[in-house]
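By the numbering used here, the letter at position 72 of the first sequence is numbered 147, and the numbering carries on one by one without gaps.
A couple of the hints might just be wrong.
[As the list claims (entries may be wrong)] Pairs of lysine-lysine, DSS-like flavour, derived with a Cα cap of 27 Å: (1) K632 to K575; (2) K610 to K723; (3) K336 to K439; (4) K271 to K146; (5) K668 to K648; (6) K490 to K446; (7) K738 to K446; (8) K408 to K608; (9) K275 to K240; (10) K401 to K344; (11) K178 to K240; (12) K439 to K738; (13) K240 to K635; (14) K240 to K271; (15) K270 to K146; (16) K275 to K336; (17) K608 to K648; (18) K270 to K292; (19) K328 to K178; (20) K575 to K603; (21) K439 to K488; (22) K240 to K723; (23) K328 to K488; (24) K490 to K603; (25) K380 to K401; (26) K270 to K295; (27) K603 to K635; (28) K738 to K723; (29) K408 to K380; (30) K328 to K344; (31) K738 to K725; (32) K178 to K270; (33) K380 to K336; (34) K725 to K608; (35) K275 to K146; (36) K490 to K295; (37) K668 to K658; (38) K292 to K271.
Bear in mind the hints are in silico, worked out from the structure with no lab data behind them.
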Amino acid sequence: MSRRDHSRQKFWKPTDDGPKTKIEEERLVDVTEADSTSFVPGNQTSLSIEKQRQQLPVFKYRTHILYLLEKYRTVVIIGETGCGKSTQIPQYLYEAGWAANGKVIGVTQPRRVAAITVATRVAEERAAILGHSVGYAIRFDDCTDAERTRIKFVTDGLLLREMMKDPLLTQYSVIMLDEAHERTLYTDIVLGLLKKVQRKREDLRIIVASATLDAEKFRKYFETNTSSDPEEDTAAILTVEGRMFPVDVFYIKAPVPSYLKATVETVMKIHHTERYGDILAFLTGQDEVEQVVSLLIEHARQLPKDALKMFVLPMYGSLPGREQMKVFERVGKGTRKIVIATNIAEASITIPGIVYVIDCGFVKINAYNPKGGFESLVVVPVSQASAQQRAGRAGRIRSGKAYRLYTEDDFLKLKPGSVPEMQRSNMAAVVLQLKALGIDNVLRFSFLSPPPAQNMVRGLELLYALGAVNETCHLTVPLGIRMAEFPLSPMFAKMLMASKDFGCSEEAVTIAAMMQIQNVFQTPSHNKINALKAKRLFSVAEGDHITMLNTFNAFLKWGKSARWCGQNFLNYKGLMRAIEIRKQLCALMKRAKVRLVSCNGDMVAIQKCLVSGFFANAARLNFSGVYRTIRDDYELHIHPTSVLYAEKPKQFVIFNEIVHTTKEFMRDVTVVDQRWLYELAPHYYDFGTENEIAAKRAKIDY
DNA sequence: GAGCACTGC
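Make the full structure from the sequences, and use the hints.
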């Protein structure tokens, strides 16, 4: 391995630089909080918090940030990890009076936990009660006060929902989009909408906060100055250095045939030659993680008795909660923690104690294929930005080391950034949201990174087939409008609206809620057989949807018992979440004037209701024993997680989605009757020949 | 005959 020094400059040593400008003394305790009965920190605590705040790198830029925000309508702030931007900038704005006259400073986060933790920290620093002057709002958890809250942290998805009620975001004076470099679907939609809002609201200020990369792209996007005079610019960039320990990056000299083997070897080499400090290795999927974990456990067993011990742990999304928690525990002095993880550890969670990082150089992503209308899970090389982010995980507690299992040449050939989600997603839901927000011509919407036109067309076609938009591509009233209100994919929204016709709305909301949670049935690798047996208790011949309905009802019957879930290998947290989602959906049903009624076990009613939403996802059993989509004759297979997987195949099925892994699989499958397809979606299946369909499509005015 | 990157409303 060759040592490289150039990347050292990318991370910064902590500095002792004090503040360069003296600021006026400020009261940290809110007037609004002063008369509350709860604990208010004494003077000393306030001082020490104040001192801590002044030591953050971003503090030096306080006046500069405030100046830029006066002068420019949009400020792009490049803030490296640990600079304090997320917690400090909203407070600078508050202190400078941006929340005067009842206005609110809004800060978005891509993830729920981030919104809560940052809000909690800011409330602490301000000696405020969380939910009063400082609050957060995420789905199912609104911790704000309509009158009092001045600094509000939200998930970007929730801000989008707020925009449906108040398109101009009138209560906000500033919106800060944090972690914009992640380029999540919602961040990108909100970016586009804010650009539009800014045209109508001169006073609205936007801060785009990003960790390196794309600063100029963001700035240009918001720049409205068309003259050559830079004095007229409306957007500016500011860079704030981070506070990380240096991370030395090592590359391998020649490509390795197997990064799994190389991961095991590198872990062992670090363990034998490097001083204390935990190891984090990035792989692409659960399978790889489990393989490497078991190989390392073998190695750990062979260590001499007096040697430093190895504590090897897997970490991936579908790992049951209790096992996930283990990676956050600290280990004793005689032990080194070794975490083998998927991309979950890149940004979503932070594992404490990591000093060494191993990066295989690949990531598994979900890419939408507009031709087949399905999603594919594909392993692709990481971007340079991702590799940088992974390496940075080693520099949080002291200087660290990152081992890249690829050559430096290969690193230089990597793309600078990842493809934004917007360009690799199914657009149906996005289009529906945008239309509901009054954006008629979605093809001309100003996307920061426009999705492929074909993705948009495909999305529009589906909305048309569902009846959410008409021939002129306008949202239908009331169906399209109502559908947009549901926090669900358009197919599920349609299914709920259609449940009125089949008298099974009770069942439909349960199914929709259950389908939103992942890994309802858990299969721990050491107890697979019993887990599959347990699943069979709930399974029905009709398929996965009604199986989920049964599971949910059984959960209620057993009093929402966590113990019962454990005994039956069910995801307790997931089921509790399903209850909440269901509650929210019921409220929206009431708004849509669909009464909640039960069909009392009439399976056909439920199946027909499913067809009303998912008719486009229908497949027929071929003579050769495989399924093919009815519309496009696309070969499909039943996913191994489906209850229909081991059953004798039925003639016609509908499904929620297709995932391409080793084959094209249908996930969440239910048996249907062919006649229902023609009965419930004649417009979709009675078009006639392919040519007639093409002619009809061409007539639709996008 | 055998599989599950990660978020979010």
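Against the structure, the hints come out as follows:
1. A hinted pair counts as satisfied when its Cα atoms are at most 27 Å apart, and K632 with K575 qualifies at roughly 26 Å.
2. Restraint check for K610 and K723: the C-alpha separation of about 18 Å stays at or below 27 Å, so the hint holds.
3. As the CA atoms of K336 and K439 are separated by approximately 19 Å, the hinted pair is consistent with the 27 Å bound.
4. Between K271 and K146 the alpha-carbon distance is near 20 Å, which keeps this suggested pair within the 27 Å criterion.
5. Distance restraint check for K668 and K648: the Cα-Cα separation of roughly 30 Å exceeds the 27 Å cut-off, and the hinted pair is therefore not satisfied.
6. Note on K490 and K446: the hinted pairing holds, with a Cα-Cα distance of about 25 Å set against a maximum of 27 Å.
7. For the suggested pair K738 and K446, the alpha carbons sit about 16 Å apart, so the restraint of at most 27 Å is met.
8. A distance of roughly 42 Å separates the Cα atoms of K408 and K608; the hinted pair therefore is violated under the 27 Å criterion.
9. A hinted pair counts as satisfied when its Cα atoms are at most 27 Å apart, and K275 with K240 qualifies at roughly 17 Å.
10. A C-alpha spacing of about 24 Å is found between K401 and K344, which places the hinted pair at or below 27 Å, so the restraint holds.
11. Distance check on the hinted pair: K178 and K240 sit about 17 Å apart at the alpha-carbon level, within 27 Å; holds.
12. Our distance criterion of 27 Å between C-alpha atoms is met by K439 and K738, whose separation comes to about 16 Å.
13. Restraint check: the Cα-Cα separation between K240 and K635 comes to about 34 Å, which exceeds 27 Å; the hinted pair is violated.
14. Between the alpha carbons of K240 and K271 the distance comes to roughly 16 Å, so the proposed pair stays at or under 27 Å and holds.
15. Using a Cα cut-off of 27 Å, the hinted pair K270 and K146 holds, with the two alpha carbons roughly 17 Å apart.
16. Of the supplied pair hints, the one linking K275 and K336 is violated, its CA atoms being roughly 57 Å apart against a limit of 27 Å.
17. For a cut-off of 27 Å, the pair hint linking K608 to K648 stands: about 21 Å separates their Cα positions.
18. Of the pairs offered as hints, the one joining K270 and K292 holds, with about 14 Å between alpha carbons and a cut-off of 27 Å not exceeded.
19. Proximity of K328 to K178 is assessed by CA-CA distance (about 57 Å); at most 27 Å being required, the pair is judged violated.
20. At most 27 Å may separate the alpha-carbon atoms for a hinted pair to count; K575 and K603 exceed this at roughly 40 Å.
21. In summary, the hint linking K439 to K488 is supported, as the alpha carbons are separated by about 19 Å, within the 27 Å threshold.
22. Restraint check for K240 and K723: not satisfied, since their Cα atoms lie roughly 49 Å apart, outside the 27 Å limit.
23. Distance check on the hinted pair: K328 and K488 sit about 15 Å apart at the alpha-carbon level, within 27 Å; holds.
24. At roughly 40 Å between alpha-carbon atoms, K490 and K603 are farther apart than 27 Å, so this suggested pair is violated.
25. The straight-line distance between the Cα atoms of K380 and K401 is roughly 24 Å, inside the 27 Å bound, and the hint therefore holds.
26. Note on K270 and K295: the hinted pairing holds, with a Cα-Cα distance of about 11 Å set against a maximum of 27 Å.
27. A threshold of 27 Å between alpha carbons decides the hint, and for K603 with K635 the separation of about 24 Å falls inside it, so the pair holds.
28. Taking the CA atoms of K738 and K723, the gap is about 20 Å. The hint holds against a cut of 27 Å.
29. With a C-alpha separation of about 15 Å, the suggested pairing of K408 with K380 holds against the 27 Å cut-off.
30. For the given pair, K328 sits about 16 Å from K344 by alpha-carbon distance, which is consistent with the 27 Å threshold.
31. Simply put, K738 and K725 have alpha-carbon atoms about 20 Å apart, close enough for the 27 Å limit, and the pair holds.
32. The straight-line distance between the Cα atoms of K178 and K270 is roughly 20 Å, inside the 27 Å bound, and the hint therefore holds.
33. Simply put, K380 and K336 have alpha-carbon atoms about 25 Å apart, close enough for the 27 Å limit, and the pair holds.
34. A distance of roughly 22 Å separates the Cα atoms of K725 and K608; the hinted pair therefore holds under the 27 Å criterion.
35. Proposed proximity of K275 and K146 is supported: the alpha carbons are some 18 Å apart, at most 27 Å.
36. As the CA atoms of K490 and K295 are separated by approximately 21 Å, the hinted pair is consistent with the 27 Å bound.
37. Only pairs whose Cα atoms come within 27 Å are accepted, and K668 paired with K658 is accepted, the gap being roughly 15 Å.
38. Taking the CA atoms of K292 and K271, the gap is near 17 Å; set against the 27 Å cutoff, the hint holds.
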